[in-house]
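In the order they appear, the protein sequences are chains H and U. Here the numbering used here is used: position 231 in the first sequence is 231, and no number is missing along the way. Whatever position you read off the second sequence (first residue = 1), add 1000 for the numbering used here.
Quick caveat, the hints were computed from the structure, so don't treat them as lab data. Cβ coordinates follow ideal geometry from the N, Cα and C atoms, glycine included. Careful: at least some of the hints might be erroneous.
[Stated by the list, open to error] Between beta-carbon pairs, the in silico distance windows are:
hint, chain 1, residue 1, chain 2, residue 2, range
1, H, R133, U, M1005, 56 to 62 Å
2, U, S1091, H, C68, 56 to 62 Å
3, U, A1118, H, R14, 50 to 56 Å
[What the hints assert, rightly or not] Heads up, incomplete: computed chain H residues facing chain U, CB under 10 Å, no partners named:
hint, residue
4, N50
5, A144
6, L174
[Said to hold, decoys possible] Just a few of them, taken from the derived set where beta-carbon distance is under 8 Å, the chain H residues facing chain U:
hint, residue
7, S12
8, F13
9, L24
10, T72
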Amino acid sequence: MTKILLEAVRKSFRTLEVLKGIDLSVDGGEVVCVIGPSGSGKSTLLRCVNALESVTQGRVIVMSDPNCDLNTARRNIGMVFQSFNLFSHMTVRRNITLAPMDLKKTTKPDADALAVELLTRVGLEDKIDVYPRQLSGGQKQRVAIARALAMRPDVMLFDEPTSALDPEMVGEVLAVMQQLAFDGMTMLIVTHEMGFAREVGDRVIFMADGMIVEQGTPSEVFGNPREPRTKDFLRRVSQAG
Amino acid sequence: MDFAMTIRGSWSLLLTGLVTTVIVSLIAIAVGTVIGFVSSLMGLSRIWVLKALSEIYVWVIRGTPMIVQAFIVYFGMPQLIQTFVPGFTISAFTASAITLSTNAGAYLSEIFRSGINAVDPGQVEASRSLGMSQVRTMRRIILPQAVRITIPSLVNQFIITVKDSSILSVIGLAELVNRAKVYVGGTYQFFATYVLVAVLYLAVISALMVASRYIEKRLNRDKDPA
């Protein structure tokens, strides 16, 4: 079943066209990794899926119900940001319980149990009562994942989740994401972690200049790229690594 | 220059003045905060009429001296209203409360607006991405953070409001400076009386500062190390 469907999506910021006609569908349980040079429109594409950016042209359909309102739709789409964006005035517990208690009328005991369950899943149950500023970057991002999961979303969006992390903390976040993929979550991931995309992705999409240049299984895209721009990008990335 | 004598002679008069100063300041702080908050939201609104109203209000109040505003409210407005409602009058206290509240509101509006703007947009995006509405995001995420950011500026404005209430002595509000003038007029104890007045202001404002420091500390618990 198709969870995310983008049809001929175009997005412009004033005169700058960032997305130049994107067609994309993501099936339930699929893990799709979007790679490409910076400025290629990867993050904008992701942000169009949950309408943090409005599209200039084309359609974005998430889940089967095109009639439900935006806030209801967003409850089913978890998002993880590059800069974590944990609510800095709230404890880890409150970060996780806020949305379920406010939006789903979950009771306090149920929400607390949920917070413990999700934090255990990301390995941070001992941090439940601390504030975000007392956490490391990797810990913050794992809490952010737990927070996004608290609404029991059908789809998870990841916008460069490890790009703001110190190298030694990248692994712990990727491990949580890998487990999530293993559990069958539908995931759309913008990433610079080629190793992760190769290992965990069901499908890899290479974007450049606002278009999808090439897509396929990781072994196709990484092992045998067809497009010159893909080859060029992968060569430069491997040299940097 | 006999302080003991001045204190003995003036304390009951100055005390009534002090009470008036505190009451009119508290009213202005409370009403001004409400006005300022509403005006800041209007200023951030996408509806241009609301935005324009807020901007004009802030522009006019900040662009004119409060003494002129007080004269307009106390002497000018009644004259205007009398053409529709014969015999209309306004008490010095009411005029003072209106002037000081409106004045504080304009400055507080700017403080709130900048505080709301200072909240990281990422916080808003995170909230909206969870499915929280704009209003809920404002209440749960933006305002609690904006209030923390603005507390030092808010306290600063509250202090200014307390001190600015002395300007209202010119329209006959029986506040601290006004009462001191009355006492000095009969006794010529300029130095002792006005030093006493200064000490009283300092005491009121110190209390305000202690209270705000306490509130700031409580709100910023999350900033303390574990």
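Each hint tested on the structure:
{"no.": "1", "hint": "H:R133 - U:M1005: 56 to 62 Å", "in the structure": "holds (57 Å)"}
{"no.": "2", "hint": "U:S1091 - H:C68: 56 to 62 Å", "in the structure": "holds (57 Å)"}
{"no.": "3", "hint": "U:A1118 - H:R14: 50 to 56 Å", "in the structure": "violated (25 Å)"}
{"no.": "4", "hint": "N50", "in the structure": "holds (6 Å)"}
{"no.": "5", "hint": "A144", "in the structure": "holds (8 Å)"}
{"no.": "6", "hint": "L174", "in the structure": "violated (21 Å)"}
{"no.": "7", "hint": "S12", "in the structure": "violated (20 Å)"}
{"no.": "8", "hint": "F13", "in the structure": "violated (15 Å)"}
{"no.": "9", "hint": "L24", "in the structure": "violated (19 Å)"}
{"no.": "10", "hint": "T72", "in the structure": "holds (7 Å)"}
Of the hints listed earlier, those the structure fails to meet are numbers 3, 6, 7, 8, 9, in rising order.
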